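Peer 1: Assemble chain B with the ligands onto chain A, guided by the hints.
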Amino acid sequence: MSFVSMSAAIDTTAADPVKRRSALPRYVTPLIGLIIPVTVAVLCELAVRWGWSNGRLVPPPSVIYATFAELASTGELQRHALATVARVAFGFSLGVVAGTILGALTGYSVTLFRLLDPTFQALRAIPSIAWVPLFILWLGIFEASKITLIAVGVFFPVYLGVMGAVMSVDRKIVEVGRAFRLSGFQMVRRILLPAVLPSYVIALRSGLGLGWMFVVAAEFMGASEGLGFLLVDGQQLGKPAQIVAAIVAFAVIGKITDWLIVGLSAPFLRWEDRFGRGAER
Amino acid sequence: MLQLEGVGKTYPNNVHALDGISLKVSPGEIVAIVGGSGCGKSTMLRAISGLDVASQGRVVLDGVAVMAPHEKIGIVFQEPRLLPWLSVAGNIGFGLDHLARAERNARVAEALKRVGLADKASVWPRELSGGQAQRVAIARALVPRPEVLLLDEPFSALDAFTRADLQEHLLDLWADSRPTLILVTHDVEEAVVLADRVFVMQPRPGRLFEEIVTGLPRPRDRQSSRFDNVKKQVLAALDRSMARPVQAPEDRAPEGAALWW
Ligand SMILES: Nc1ncnc2c1ncn2[C@@H]1O[C@H](COP(=O)(O)OP(=O)(O)OP(=O)(O)O)[C@@H](O)[C@H]1O
Ligand SMILES: [Mg+2]
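Protein chains in written order, with our numbering: chain A, 539 to 819; chain B, 34 to 294.
Calculated from the structure, these hints are not laboratory results.
Model, not experiment: these values are computed from the prediction.
Even for Gly, the Cβ is constructed at its ideal location relative to N, Cα and C.
Careful: at least some of the hints might be erroneous.
What follows is a set of in silico ranges between Cβ atoms, one per label pair, in the way DEER data are often shown [as the list claims (entries may be wrong)]:
| hint | chain 1 | residue 1 | chain 2 | residue 2 | range |
| --- | --- | --- | --- | --- | --- |
| 1 | A | R808 | B | A197 | 30 to 36 Å |
| 2 | B | R159 | A | P568 | 25 to 31 Å |
| 3 | B | D192 | A | I570 | 39 to 45 Å |
| 4 | B | P45 | A | A668 | 54 to 60 Å |
| 5 | A | V790 | B | S162 | 43 to 49 Å |
| 6 | B | T43 | A | S721 | 52 to 58 Å |
| 7 | A | R727 | B | A197 | 37 to 43 Å |
| 8 | A | L798 | B | A151 | 43 to 49 Å |
| 9 | A | R727 | B | A151 | 42 to 48 Å |
| 10 | B | N47 | A | F723 | 33 to 39 Å |
| 11 | B | E143 | A | L653 | 24 to 30 Å |
| 12 | A | R808 | B | R255 | 38 to 44 Å |
When the alpha-carbon atoms are kept at most 25 Å apart in a straight line, the in silico PhoX-like pairs for lysine-lysine are as follows [to be verified]:
| hint | chain 1 | residue 1 | chain 2 | residue 2 |
| --- | --- | --- | --- | --- |
| 13 | B | K264 | A | K710 |
| 14 | B | K57 | A | K710 |
| 15 | B | K105 | B | K146 |
| 16 | B | K264 | B | K57 |
| 17 | B | K105 | B | K57 |
Same shape as in the complex, but just chain A (with noise of 0.2 Å):
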């Protein structure tokens, strides 16, 4: 066997055991998720089902659809989903414009960051629900004290993100922009911007979990609607089964939001050279 021929049977003989392990996980891999949450559901349904429990505090799978279902038919569920989304997307807007606006400030100005980052430091010490009272007083028990505990919310993890994007931006990368003598402007737009991309796409997620979080919250604080208002009025008339309904509505709604993110900033960040690339295709 010359030498020729003897490395290429090394190579196939390496490459084959690659090859065949990533063969398999392509169509499993999303489903091992799966296994858990299944078999949960389809052991609550059976102890209902088998009389080991009436399901009354714990509704079957069934029931839940049937529930959701209802909701739907009656456009009751979409009445309230839409009146959730429509708060989330004004307040998630408020606190990224600002948090955006005064993240990039402050990253960049030393002076600036002097003096407004000890105050909001010290603001994001107090737990944003804490503002309830204070913005029922101000503003009214009706949206605008909804969108803006919302905001507030959204605010900091954005302010946060940007902020130490812009901090931690390449000297390196910088120098280049200033040897080809951009202007502030262009520096921002031509090499800030797109270095803190993914950075910020990360704290906007952060932002938009923290905006469903007090949504709720929100709702809580009186709504006659709004997938929130769904949850205390289940809890109200023990309905078990509608609060279930809200909760998963909002798994479905808040995964797709951050799908939109997600997909909507992909096709910019393209680019990226990191680790984690692998995992998340």
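Peer 2: Leaving out everything else, chain B with the ligands in the frame of chain A:
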């Protein structure tokens, strides 16, 4: 014409990195700066580039003092420093934003062909090898047609083979438009292959210690004995510069040096 008039630099932490550097470089000349680590070579290059401003003296290009990055001065760093979010073509065209798109694309395509990376135009920087990335960095600096190109140890991260390759390549590119090249390097052979004049620097504070005119015809034969002689001359000067770090070149005693050896 590039002129350094008594350029000195003291960093805010009181490190006196550079002292009284005076130097005239004529257009199209290739000058190499060699010296031990930390002797102020990068500091000097950054002062010329305008990225840092000298604390004493001044840098003058065509009669105008350089106070900030200058359109006629390009720079290549030790690392390629490509912008990871731009394709290879985007990186090369980075300094051509003022041009119309068609003109820019034509210049970029030309440069890509010139550095032998025409097939990599739309590739991300992360997909390039170290040598390819450095070629893109050189193309990026050359595409705006600078009068002076500064290179700070541009090939030091590459293996010996790629390095020799890129040295020849740099000479080819230089021959196109003959900008002034100022090259900082650790590699004496690199200095002798490329430069018309080699300056040896001494540390603390950084000063020009000795000037060696290579006077070799191009293309240069790395194997020739004349090449070897110049190399030895530079190496000897380097040794001296490091053995006598405190003394200025004027009060350097030849007998002392002889005694030392
Ligand atoms: N930004 C800085 N602030 C303070 N001191 C610095 C700074 N940059 C360099 N120095 C100091 O100035 C001196 C010269 O540094 P410089 O980077 O110019 O050396 P160099 O000749 O390029 O070295 P090398 O060959 O290792 O790159 C060193 O003593 C270094 O510690
Ligand atoms: Mg250096």
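Peer 1: I'd like to know which numbered hints this structure contradicts. Please list them from smallest to largest.
Peer 2: 4, 6, 8, 9, 11, 13, 14
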